[in-house]
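If you want the building blocks of each chain, they are given just below.
There are 2 protein chains.
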Amino acid sequence: MVDKILEVSLLYDFYGQLLTSKQQDVLQLYYYHDLSLGEIAEQLSVSRQAVYDNIKRAEKLLKSYEEKLKLVEKFLFTKRNIECILESIRFVESKVDDKDKELLDKIDLIKEIASNVLDV
Amino acid sequence: MVDKILEVSLLYDFYGQLLTSKQQDVLQLYYYHDLSLGEIAEQLSVSRQAVYDNIKRAEKLLKSYEEKLKLVEKFLFTKRNIECILESIRFVESKVDDKDKELLDKIDLIKEIASNVLDV
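These protein sequence lines map, in sequence, to chains A and B. Residues in the first sequence are numbered from 7 upward in steps of one, following the numbering used here. Residues in the second sequence are numbered from 7 upward in steps of one, following the numbering used here.
Just so you know, the hints here were simulated from the structure itself, not pulled from any lab data. Values in this document were obtained by computation on a predicted structure and should not be read as measured data. Warning: the hint list may mix true and false statements.
No distinction is drawn between identical chains; accordingly, a pair holds when it is met within one copy or between any pair of copies.
[As the list claims (entries may be wrong)] 25 Å max Cα-Cα, derived DSS-like pairs, lysine-lysine:
1) Lys80 with Lys112
2) Lys66 with Lys112
3) Lys85 with Lys28
4) Lys101 with Lys80
5) Lys69 with Lys10
6) Lys10 with Lys85
7) Lys10 with Lys117
8) Lys107 with Lys28
9) Lys28 with Lys10
10) Lys28 with Lys74
11) Lys85 with Lys105
12) Lys10 with Lys105
13) Lys105 with Lys66
14) Lys28 with Lys62
15) Lys107 with Lys85
16) Lys105 with Lys74
17) Lys107 with Lys117
18) Lys28 with Lys105
19) Lys117 with Lys101
20) Lys74 with Lys62
Take the sequences, apply the hints, and build the full model.
Pasting the structure below:
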């Protein structure tokens, strides 16, 4: 279930804005606020079945966007690569002359930029 | 016009798969194969006006996806940052002891990974 939540959350981060506001509301209540189908049904004054159908339809849409655009896949690839860059630059940092301020500044800059990219 | 072509091409690279195949065809003929509206109309056996409307509608859709998802904006931000990393790591490379193979290998790895990210 944790994997499912993470998967849908990531897809939602990327493609959520393409869903209707109703679909966004239902997914947020279910995945972010951890409400049950019954609680969401009560809150929105609709049937439990309607909530369930809405969630399934929204999840299917998110997955279809990913199948077409592969943006989450590309994001995860970039993220792993940036983490490798950070790891490698820390190794470089440990090896260079710690009195060479100009060089250390450049290394700090690389670390900062790489962290910025991870935060996008 | 060159800016317009570049803008639409970039949007198309990201969101083209969300368009109908007819919209994809028309945009490709117009922007990638550089056909005129009249030539496309003839090729698809539709009116020049229909081709024009189709292109405008498709461009509007691509822009609406970007307004919602901002993925091209994020991509360009990442690209600029990776280019900064490459520039900085080349500076680091020029400063380190060129007999330290372990260190130079790590620097090469960073350059390779950064280039991979740019190619995604």
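Are there hints from earlier that the structure breaks, and if so, what are their numbers?
2, 3, 4, 7, 8, 11, 12, 13, 15, 16 and 18
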